[in-house]
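Going down the list, the sequences are from chains A and B.
Number 418 in the numbering used here belongs to position 418 of the first sequence; there are no gaps in the numbering.
Number 424 in the numbering used here belongs to position 424 of the second sequence; there are no gaps in the numbering.
A few of these clues could be false.
Copies of one chain are not kept apart here, so a pair can be met inside one copy or by any two copies together.
Listed below are the simulated EDC-like cross-link pairs for lysine to aspartate or glutamate, each with C-alpha atoms no more than 20 Å apart in a straight line [as the list claims (entries may be wrong)]:
| # | residue 1 | residue 2 |
| --- | --- | --- |
| 1 | Lys81 | Asp439 |
| 2 | Lys268 | Glu402 |
| 3 | Lys383 | Glu400 |
| 4 | Lys468 | Glu219 |
| 5 | Lys61 | Glu50 |
| 6 | Lys105 | Glu34 |
| 7 | Lys316 | Asp428 |
| 8 | Lys119 | Glu102 |
| 9 | Lys113 | Glu84 |
| 10 | Lys25 | Asp147 |
| 11 | Lys239 | Glu13 |
These aren't lab readings, by the way, just hints derived from the structure by calculation.
Protein chains: 2
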Amino acid sequence: MAKPKNAITPTREEDFPEWYQQVIKAADMAENSETRGCMVIKPWGYGIWEAIQSDLDSRFKATGHQNAYFPLLIPLSYLEKEAEHAEGFATECAVVTHHRLEAEKDSETGKTKLVPSGKLTEPYVIRPTSETIIGAAFSRWVESYRDLPLLINQWANVMRWEMRPRLFLRTAEFLWQEGHTAHESQEEAIVETRMIHQLYADFLREVLAIPVVMGEKTEAERFPGAEMTLTVEAMVQDKKAIQAGTSHYLGQNFAKAQNITFVGRENKEQHVHTTSWGVSTRLIGTLIMAHADDDGLVLPPRVAPQQIVIIPVTPKEETKEAVLESCEAIAQTIRRDYSYAGAPIRVHVDKRDFGGGVKKWEWVKKGVPIRLEIGPRDVESRKVCVQRRDRPANEKDFVEREEFFQNLEGLLAEIHQSLLARATTFRDENITEITTLEDFTLHWNRENPGWITTPWAGSRTEEEELSKEHKITIRCLPIDGQDGEEAKCILTGTPTKQRAIWGRSY
Amino acid sequence: MAKPKNAITPTREEDFPEWYQQVIKAADMAENSETRGCMVIKPWGYGIWEAIQSDLDSRFKATGHQNAYFPLLIPLSYLEKEAEHAEGFATECAVVTHHRLEAEKDSETGKTKLVPSGKLTEPYVIRPTSETIIGAAFSRWVESYRDLPLLINQWANVMRWEMRPRLFLRTAEFLWQEGHTAHESQEEAIVETRMIHQLYADFLREVLAIPVVMGEKTEAERFPGAEMTLTVEAMVQDKKAIQAGTSHYLGQNFAKAQNITFVGRENKEQHVHTTSWGVSTRLIGTLIMAHADDDGLVLPPRVAPQQIVIIPVTPKEETKEAVLESCEAIAQTIRRDYSYAGAPIRVHVDKRDFGGGVKKWEWVKKGVPIRLEIGPRDVESRKVCVQRRDRPANEKDFVEREEFFQNLEGLLAEIHQSLLARATTFRDENITEITTLEDFTLHWNRENPGWITTPWAGSRTEEEELSKEHKITIRCLPIDGQDGEEAKCILTGTPTKQRAIWGRSY
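Looking at chain A on its own, in the form it has when it is part of the complex (with noise of 0.2 Å):
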């Protein structure tokens, strides 16, 4: 099979957004159901997500943190009680009214069909977040400082009923972990919003090679009910951004609307100090819009479902059983004696009945980072053929099998790097200094125009106009560069110390 000029059309130079949707189909990860912006996560999708629950849930584990369950439905009352997080989620909540569906016969068809039936007194709303929810069971659990920390972490499903829906990057229905936790202190809370802040930035680069930013949000673009709210923000190939992780630090918001109280040290009642942080499926798209390119998928070593694909190249009936089994035994040794990241190494061997071409297309479409071609002769030279996904997919190194072995963990852990080093470059080369209103403006009317780092003393109006005006927002104030140099405000002339950075963004 000839190699089309790029495996997926089009090009992330011809359309980006088309381009997106076209990785993920050929990558066979998701797709579009008939419940309304709501996604089928396929295998390859789903197997990504395993790996990244995977690697989160140690990290939270190592740090304290234990899992729980908390119900999908929040009674309508909880939601009013923090009014900010109420108005923040009011207009994307599904709504349960009904707890049973009833045949009814249509006066016109004659045909019966189940109508909904048994009307709740009270609604609820399907979780869009749970801080409502937790917080009731967590004014429950604690009486006394001895009860804190509370350290809880959920993995679950939630809805937020979206408009425009994009499979990965915006669902209505969306899978995530949520933490929740509760605390003596305002500063042992901090504390725990900034050590998630950068166990997220960590996981990011050493999991899905994507550099972030780290930064806090501005009051405008705070989570709802949040006194605080750290992102770490990712930069695509179209140079948008994506707010992929957030940690909030909720002050006693939650704690004043559902009575977390507890007795202190002192003696003396009072309310806790909570914080809340998450990361969703949206992981996923930011992975796709980081690494993919114009052959499709590309995989960080850690988070592919398989590592390395073994593909026999079998033209001849009477060798191919030498060949099957040479490559069973190399799928064999590998899954052994052989590791990356401490776990032993995903390899799978694709035996089925299609040509070589059309097997390679897949793998690469599907972003394995390194595929092995193994013909009769290499059984006999005891080589192997090496093509890895992060360079062009007609590369080839015929390398001896031992040497392959030995140099194997070494080999994912390059690939790894690569893909990191070429995001940290590109996302460097897109952040430009811009210290003038004039600058500033012109920026904005480029084509793709990347993301800017701006002096900035603004009000949350000033800060909003200009979003308007341009179609952007303050992606974060960076936690670097807040100790810079004075330099005027790029709106308001005042003298500050303060960088904003500002893009598009998802």
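With chain A's structure known, arrange chain B on it following the hints.
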């Protein structure tokens, strides 16, 4: 602290249902929430679920299944496609009818409150099970026999509006796995159905230490829409039955309702044969009722969130540090050098500032398989004081530390075996063979009557009448026992080789 007569009040003997609730509370596993019929699964209960998940997930993957994720919300029209299925679930479906909330002024109080708004043209039900929505995906995915078998599993939450909820056993929302597979032929689909049936029985025995009776449900008790339902039935300590897991052969019913067709080897378009199978958080309820005693939960080691808890005994300040160090050293040695059932041993040092008695009883009630008490004298003598949860709470065994380490894996295996043996004896002693209708009637007038096995050749109507009369059901037609001698059906007198197991159930 003096030992109370029993840690749990009431005892099993005094009030089994209330004892069950108290065990859950004392072990801090779960609690009711303000969402009707929904529970909060607390960390200790969720830890057990994680262990169950992780073990089952490996078994599913080892038998070729892949995980995926499908929408929570099912369009009403999907449910209607398979008539029996719709009828079976219609009375217990939570229905989503609106997609936003709006503030409305209450005309009486003058206060604003949130009310459902944005009515959906077609309502959705929250999945009570996913045959219909997964079937819709399968009909998109399958074209040729080359796409078969499709072997999919989903870990998810589901809702069935229960009128009499009970923690873990029967809750409006529960967590489960649901397997869904599609095959070329009836034979293949039935092989799959039976393989999973056996997998569940093995899992219950090997991991939960619960012996089950494997059998087939009668038509009256079948899953709505199935051709054959296989079940694993567990007997718990009040001699009632719990259906712990089911595996269904669905024939072509769902395939026809949802148009899941493929072009076969003879180039003919035909319908697939499907199966579905699941176990849920109900397993945790089963586990409690099978093994817990009047001192609280008793956990088989493989699902214990902590398998060993070390309790430092520190009567004097001057030896405290040495004791704590010794406890930590023992824990580290166990974690580093020993394993059970192929995984590192989970061990916890309870360093909290409470009395030793308080701590001991907390871990007894939580069902931890092994408790170690380490005091100053044990540090010097290099001994450990071992207490097993399957033995009376005050039984102690002083063992040389090295000897304890060497025997640790064996000790955990022995605890598992002793729980399994106890449950097996209990079950076998409480299944009575009954051959006449007179004895049958007498049996159900006894208190805690246990199960019976009878020759059975009655009709569905006859079965339903008998069941109603005695508040019992046929739990299954056991697989072992269909090849026995001919005997007369207890009701009809017709000679039959078939045996039925009858019992009261949860």
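Okay, the hints, checked on the actual structure:
With identical chains, the CA atoms of Lys81 and Asp439 are never at most 20 Å apart, being 45 Å at best within one copy and 61 Å at best between copies. Proximity of Lys268 and Glu402 under a CA criterion of 20 Å is satisfied in neither setting, with 68 Å inside one chain copy and 49 Å between copies. In this assembly of identical chains, Lys383 and Glu400 lie within 20 Å of each other by CA distance solely inside one copy; the values are 4 Å within and 54 Å between copies. Taking CA atoms no more than 20 Å apart as the test, Lys468 paired with Glu219 passes inside one copy only; the shortest distance there is 16 Å, against 64 Å between copies.
Both within a single protomer and between protomers do Lys61 and Glu50 lie at most 20 Å apart by alpha-carbon distance, with minima of 16 Å and 13 Å respectively. Taking CA atoms no more than 20 Å apart as the test, Lys105 paired with Glu34 passes in neither setting, with 25 Å inside one copy and 35 Å between copies. Within a single copy, Lys316 and Asp428 get their C-alpha atoms no closer than 51 Å, and across copies no closer than 60 Å, so neither meets the 20 Å cut-off. In the homo-oligomer, the alpha carbons of Lys119 and Glu102 lie at most 20 Å apart both inside one protomer (12 Å) and across protomers (19 Å), since each shortest distance falls under that limit.
When the C-alpha separation of Lys113 and Glu84 is checked against a cutoff of 20 Å, the pair qualifies only between copies, where the shortest distance is 14 Å, while the shortest distance within a copy is 40 Å. Taking the closest pair of Cα atoms, Lys25 and Asp147 come within 20 Å of each other only across two copies (17 Å); inside a single copy the shortest separation is 49 Å, beyond that limit. For the homomeric pair Lys239 and Glu13, the shortest alpha-carbon distance inside one copy (12 Å) is at most 20 Å, but the shortest distance between copies (69 Å) is not.
Violated hints, listed in ascending order, are 1, 2, 6 and 7; each of the other numbered hints is respected by the structure.
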